[in-house]
Amino acid sequence: MKQETTTPAVPEWFEARRKPRARIVARWVPWVMVGIPVLVLLAIVVYPTVWMAYHAFHDTNMMGLFTGRYAYVGWQNFANVLSDPRFHNSVVNLVWYLTFGATLEVLLGTALALILYELVPRPGLRVVLLVAMVLPMMLPPSIVGVLWKFLLQANNGAVNHLLINLGLMAPTERIDWLGVDLSLTSLIIADVWQWTALPLLIVYSGRVSLPPAVFEAARVDGASRFTVLRRLTLPMLKEIIAIAFILRFMDAYKFVDKVYVMTSGGPAQSSELPVFIAFQKGIREFQIGEAAAYAWLIFVVAAVIITLFLQYLKRVLKAQAFA
Amino acid sequence: MARVELDRVNKIYRGRGIEVHAVRDLSLAIEDGEFVAILGPSGCGKTSTLRMIVGLEDITGGEIRFDGRRVNELGPEARNVAMAFETYALYPTFTVFENLAFPLEVRGLERARIEREVREIARLLEIEDILGQKPGQLSGGQQQRVSLGRALVREPAVFILDEVMSHLDAHLKFRMLFELKRLHQRLGRTMVYVTHDQVEALALADRVAVMSNAELQQFADRDALYNRPANRFVADFIGEPPTNFFDARVVGEGGEVRLVVNGTGLAFRPDGQRRAVLARSGAREVTVGIRPQNLGIEPPDGACERIEAEVDIFEYLGETAILALRSGERAFRAVASPRHRYEPGTPLSLFYRPRDVMLFDPATGDFLA
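Order-wise, the sequence lines are chains H and D.
Residue numbers for the first sequence follow our numbering, beginning at 1 and rising by one.
Residue numbers for the second sequence follow our numbering, beginning at 1 and rising by one.
Any given hint could be a false lead.
Said to hold, decoys possible - Below, computed lysine-lysine pairings styled on DSS-like, alpha-carbon distance capped at 27 angstroms: (1) 318(H) <-> 238(H); (2) 238(H) <-> 134(D); (3) 134(D) <-> 173(D); (4) 254(H) <-> 314(H); (5) 134(D) <-> 318(H); (6) 314(H) <-> 173(D); (7) 254(H) <-> 149(H); (8) 254(H) <-> 238(H).
Claimed, not checked - Using C-beta positions, here's what the derived DEER-type ranges look like: (9) 140(H) <-> 42(D): 48 to 54 angstroms; (10) 129(H) <-> 58(D): 20 to 26 angstroms; (11) 120(H) <-> 73(D): 20 to 26 angstroms; (12) 129(H) <-> 42(D): 34 to 40 angstroms; (13) 69(D) <-> 136(H): 50 to 56 angstroms; (14) 135(H) <-> 42(D): 26 to 32 angstroms; (15) 123(H) <-> 60(D): 16 to 22 angstroms; (16) 209(H) <-> 277(D): 57 to 63 angstroms; (17) 318(D) <-> 119(H): 53 to 59 angstroms; (18) 314(H) <-> 171(D): 37 to 43 angstroms; (19) 128(H) <-> 19(D): 21 to 27 angstroms; (20) 136(H) <-> 58(D): 35 to 41 angstroms.
Please keep in mind that the hints were generated in silico from the structure rather than gathered at the bench.
Glycine included, each C-beta is placed from N, C-alpha and C at the ideal position.
Work out the full structure: start from the sequences and follow the hints.
Here it is in structure tokens:
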């Protein structure tokens, strides 16, 4: 007669001692489970990084890559990059872009989220407005780029037409949005239009989850709306806003799609960013060595910034007793 | 300091096609310096009432007056009320000191004065040692004191407490009840205390407003609530364990009137005053209410009557014991001394005083005598 057994605490295949086949499975399953992601990571992260580090010290170009002939040049690639005015220019652009783009998105998003929460009383209307504001975020960045490129055309773009029709500009006048002076600003406008919704969503959900009794207490205590905003709402949302900023910052740092579609970094490199130059050098001109040096510089700076952010995040989570 | 009047106050919540009448024609007059509790089961409208007094909720109908002045249209900041919340609602980014200082700060008091007042209130509530800490680091009892302190730090017209004890453990609750009572005696301010716990309400308040189903059932002191409840609901809700109710027929005439409980061997004899009420009304059916505390195993002093029943369960509670009894099909309860133990099935004589027999109208539930 078969003996009745209760359900074992571990799966049957894990009971390695009983069946030889099960023992083999039990031994190898963990290795396979961990091995596959490790191999994938090796293939798409570690290998390219090491490959790039190697080529950053060689004068590799397309020919060299195919023939296998390239020479060790030491720090020459890095020296070239760091002394290149084009690189300096792109760093300045990036700083502008980060300060005005990412910051503006977070400020605008926060302001809109709080206005939506505080000043729109009907929940139905709130949802409609929220959806309307989130829609741009759902478009592919390249489409947004094309869209704004059309809107900002100097001669028959909708934005210039609008300004003329509103009487803000003489009918003969033209603002050259994608010209040397404004190309970076235009990129920022397009990006703000698309991404303001992300900080908006984050801050809005953060505001919704704040305990209502605290705000009632403040009303009973006699605080004005502005005092409540300044002394309570914003300090209580500080961490949430910081996280929204970190997310936008990280995304903006590797911003390349709209540059490619709208201006290709031009005119006269007025809207170039380091990532775009690395892309140009590596994929267009096949200056693999110099592109690798670019990529490494970008990577190191990103690693430093991300580490700082993570430390901040850890402190925040600790303060809120999550970690 | 203020006298607070509620005059036929109504609250109706309107949602998508739903209408909830949360407070119906509520009239209350709370005297200056009085400690009033609003008591009722959850959903009875007591919190809506309190939020209307504070000004956090619109008043659908009726009028609320502070010292005779209509305040319906005023926001909470203009009514000069102070409130302690059930969830404490401390400002999480502020220290305890800043929490206590906030109501004074928004009124534009000077720094030195704020400092002095905060220290004063902290001393009163014995929280001087935690002034530098943030609310997240405090225990429930400490948070509760801070929230009381924040309400007490200024001189409000009315001081309102919303279920402030419900998150405290029994031991701490007992101590805080005592301290709150002492605070009220010392400060002499008008206080409104909302709770679902009758022990808190009866311990603290000068008068208790009992609410049920959006309506005020009775507004009286504890003696009246206990001995002359306005209706069956109040008699049932006030007192622990709840009052026993029996549907009875009026049998006999004059001094021989007996109230015979249907389907049991029980019959109660009311006192002379109640016999007179019965004779005047000519009622043949009444609901008899008798508190478990008024049913004893030993005969009390003075005139008493007895009933016979059988023990169902003997529940030992330490200080007292509760006897679950049975007569025929009817179960009821009595409070006994825990000195004797009774086995289930033991026949028992129980004594009561005729003046403890309460009579209610069986149809409306109103108190007759």
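Results for each hint:
Distance hint between residue 318(H) and residue 238(H) is fulfilled; the C-alpha atoms sit about 15 angstroms from each other, no more than 27 angstroms. The straight-line distance between the Cα atoms of residue 238(H) and residue 134(D) is roughly 16 angstroms, inside the 27 angstroms bound, and the hint therefore holds. Restraint check for residue 134(D) and residue 173(D): the C-alpha separation of about 23 angstroms stays at or below 27 angstroms, so the hint holds. The suggested pairing of residue 254(H) with residue 314(H) holds, with an alpha-carbon distance near 23 angstroms, which does not exceed 27 angstroms.
Taken as a hint, the residue 134(D) and residue 318(H) pair is honoured in the structure, with Cα atoms around 14 angstroms apart against an allowance of 27 angstroms. Taking the CA atoms of residue 314(H) and residue 173(D), the gap is near 37 angstroms; set against the 27 angstroms cutoff, the hint is violated. This hinted pair checks out: residue 254(H) and residue 149(H) have alpha carbons roughly 20 angstroms apart, not beyond 27 angstroms. A threshold of 27 angstroms between alpha carbons decides the hint, and for residue 254(H) with residue 238(H) the separation of about 25 angstroms falls inside it, so the pair holds.
For residue 140(H) and residue 42(D), the hinted distance range of 48 to 54 angstroms is satisfied, since their beta carbons lie about 52 angstroms from each other. The hint said 20 to 26 angstroms for the Cβ distance between residue 129(H) and residue 58(D), and at roughly 25 angstroms that hint holds. Checked against the given bound of 20 to 26 angstroms, the beta carbons of residue 120(H) and residue 73(D), roughly 23 angstroms apart, stay inside it. For the hinted restraint 34 to 40 angstroms between residue 129(H) and residue 42(D), the CB-CB distance of approximately 35 angstroms keeps it satisfied.
The beta-carbon spacing between residue 69(D) and residue 136(H), approximately 52 angstroms, falls within the hinted interval of 50 to 56 angstroms. Look at residue 135(H) against residue 42(D): about 43 angstroms separates their beta carbons, and that is not inside 26 to 32 angstroms. For the pair residue 123(H) and residue 60(D), the supplied restraint of 16 to 22 angstroms holds, since their beta-carbon distance comes to about 20 angstroms. Under the hint 57 to 63 angstroms, the C-beta atoms of residue 209(H) and residue 277(D), about 59 angstroms apart, fit the expected range.
Checked against the hint of 53 to 59 angstroms, the pair residue 318(D) and residue 119(H) passes, with Cβ atoms roughly 57 angstroms apart. A C-beta distance of roughly 38 angstroms is found between residue 314(H) and residue 171(D), which places it inside the suggested range of 37 to 43 angstroms. Remark: the range hint 21 to 27 angstroms for residue 128(H) to residue 19(D) is upheld by a beta-carbon distance near 25 angstroms. Range check, residue 136(H) to residue 58(D): about 38 angstroms between beta-carbon atoms, so the 35 to 41 angstroms window is met.
Of the numbered hints stated above, those contradicted by the structure are hints 6, 14, listed in ascending order.
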